[in-house]
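Undergrad: Each protein sequence line maps, in turn, to chains A and B.
As numbered in numbering that gives the first Met the number 0, residues 0 to 209 make up the first sequence, in order.
As numbered in numbering that gives the first Met the number 0, residues 0 to 209 make up the second sequence, in order.
Possibly wrong hints are sitting among the right ones.
[To be verified] Below 20 Å or equal to it, Euclidean Cα-Cα: the simulated EDC-like pairs (lysine to aspartate or glutamate) are:
#1 B/120 / B/92
#2 B/127 / A/92
#3 A/11 / B/7
#4 A/11 / B/50
#5 B/49 / B/35
#6 A/120 / B/92
#7 A/49 / A/4
Worth flagging that the hints you see were computed from the coordinates, not collected in a lab.
There are 2 protein chains.
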Amino acid sequence: MNPLEIPEIVIKRLPLYLRTLELMADEGQTVTSSQELGGRLGISSTQIRKDLSYFGEFGKQGTGYDIRFLRGQLRGILQVDRPWKVALIGVGDVGHALLRFIGFEDRGFSIAAIFDKDPQKVGRRVDKLTVLDVATLHEVIRRRGIRMAIIAVPACEAQGVADALLGAGVGAILTYAPTLLRLPPHMRVSYLDPVVGLQSMTYYLSPSRP
Amino acid sequence: MNPLEIPEIVIKRLPLYLRTLELMADEGQTVTSSQELGGRLGISSTQIRKDLSYFGEFGKQGTGYDIRFLRGQLRGILQVDRPWKVALIGVGDVGHALLRFIGFEDRGFSIAAIFDKDPQKVGRRVDKLTVLDVATLHEVIRRRGIRMAIIAVPACEAQGVADALLGAGVGAILTYAPTLLRLPPHMRVSYLDPVVGLQSMTYYLSPSRP
Numbered sequence: 000m001n002p003l004e005i006p007e008i009v010i011k012r013l014p015l016y017l018r019t020l021e022l023m024a025d026e027g028q029t030v031t032s033s034q035e036l037g038g039r040l041g042i043s044s045t046q047i048r049k050d051l052s053y054f055g056e057f058g059k060q061g062t063g064y065d066i067r068f069l070r071g072q073l074r075g076i077l078q079v080d081r082p083w084k085v086a087l088i089g090v091g092d093v094g095h096a097l098l099r100f101i102g103f104e105d106r107g108f109s110i111a112a113i114f115d116k117d118p119q120k121v122g123r124r125v126d127k128l129t130v131l132d133v134a135t136l137h138e139v140i141r142r143r144g145i146r147m148a149i150i151a152v153p154a155c156e157a158q159g160v161a162d163a164l165l166g167a168g169v170g171a172i173l174t175y176a177p178t179l180l181r182l183p184p185h186m187r188v189s190y191l192d193p194v195v196g197l198q199s200m201t202y203y204l205s206p207s208r209p
Numbered sequence: 000m001n002p003l004e005i006p007e008i009v010i011k012r013l014p015l016y017l018r019t020l021e022l023m024a025d026e027g028q029t030v031t032s033s034q035e036l037g038g039r040l041g042i043s044s045t046q047i048r049k050d051l052s053y054f055g056e057f058g059k060q061g062t063g064y065d066i067r068f069l070r071g072q073l074r075g076i077l078q079v080d081r082p083w084k085v086a087l088i089g090v091g092d093v094g095h096a097l098l099r100f101i102g103f104e105d106r107g108f109s110i111a112a113i114f115d116k117d118p119q120k121v122g123r124r125v126d127k128l129t130v131l132d133v134a135t136l137h138e139v140i141r142r143r144g145i146r147m148a149i150i151a152v153p154a155c156e157a158q159g160v161a162d163a164l165l166g167a168g169v170g171a172i173l174t175y176a177p178t179l180l181r182l183p184p185h186m187r188v189s190y191l192d193p194v195v196g197l198q199s200m201t202y203y204l205s206p207s208r209p
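Okay, chain A solo, but in the shape it has when bound:
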């Protein structure tokens, strides 16, 4: 099947399956089922089987899924069985939290360059990295072949940064800035907006609902 024919919503669920399998493996579990995976994620087992069937046969009727095998398959499909270099733009609170976040390296990503526009921050070292001037973004990203970036700047600066990333050849952006980015369709964008997360739950919380 042409990879572009698989619905995007299916692709977006695969990282959730992968995360759950990784946690199960960490806990020493070796086999799981679509029922168990679904129960942990709030997704029906039918949906999980249907999603996985786009990519092949991963489980056996009655015996379930071998966790290590399925984890490896999903890593391959999502292409996180290789390390991706990621640029981080904005070394404020969110940026610092991300640099301290230990979950990137063993899940397919490596923060390879960090940028800020604040002269007080440029040149400072944060862990193994030196904060670079955002004015050098284009050159550094091009030279190092970086294809992904995380935007952690204020909302009013996010579009300018996104435009610069587009020009430098970045193909996918994860943004924490609470603003919609205007970018051509070939640029992948993923939003981490806490309000969207909260608003998707209030629907179920009303005292007037059963």
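Take the given structure of chain A and dock chain B to it, following the hints.
TA: Positioned in the frame of chain A, the structure of chain B alone reads:
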């Protein structure tokens, strides 16, 4: 229609529609279409019309949607036309970034209580709030009738905090901790995991794909 019969995936898209409508309204736009909304969000116009049809008729064939009207309707459906008190647990980098985030108040939420376990932080003021000892979490949340919480503590502490929130009567948790929480099905949980966001895009980035 019974509100619980509407697929959860539909409910999860409504905040994205609402955010886009809010941005359009901020920019002075008054009317939009399912095509335009879809184009901005990477969702098909058919999907948008189908999602909205669960809740009624919001647009007219040929004239599109009145942005202020549809925004008001979605706020009502999602119940963010009233303020929800939210507790924040963990006043580290992520917690500080959230406290500085200005997008909560006018979108239905108010950070009403902040907690940490670090004696160095307890009692300190951050903006209008005083950091409370996490040992008082149960009592404060009960007394103030708080139903929602954001977890911004390290992964190893997240389950303990989640259990305490459950016991205190919280019904929905947004968590930044990179670990799967084990909670009963009636507790709503939303994960903000940067790796899941990145992994949902690498699929499309391969140099071997067209």
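Undergrad: Confirm or reject each hint.
TA: Now for the hints, and whether the structure bears them out:
A distance of roughly 13 Å separates the Cα atoms of residue 120 of chain B and residue 92 of chain B; the hinted pair therefore holds under the 20 Å criterion. For the proposed pair residue 127 of chain B and residue 92 of chain A, the alpha carbon gap of about 19 Å is at most 20 Å, so the pair holds. A C-alpha spacing of about 15 Å is found between residue 11 of chain A and residue 7 of chain B, which places the hinted pair at or below 20 Å, so the restraint holds. Between residue 11 of chain A and residue 50 of chain B the alpha-carbon distance is near 19 Å, which keeps this suggested pair within the 20 Å criterion.
Restraint check for residue 49 of chain B and residue 35 of chain B: satisfied, since their Cα atoms lie roughly 15 Å apart, inside the 20 Å limit. About 16 Å separates the Cα atoms of residue 120 of chain A and residue 92 of chain B, which keeps this hinted pair within 20 Å; it holds. Of the pairs offered as hints, the one joining residue 49 of chain A and residue 4 of chain A holds, with about 15 Å between alpha carbons and a cut-off of 20 Å not exceeded.
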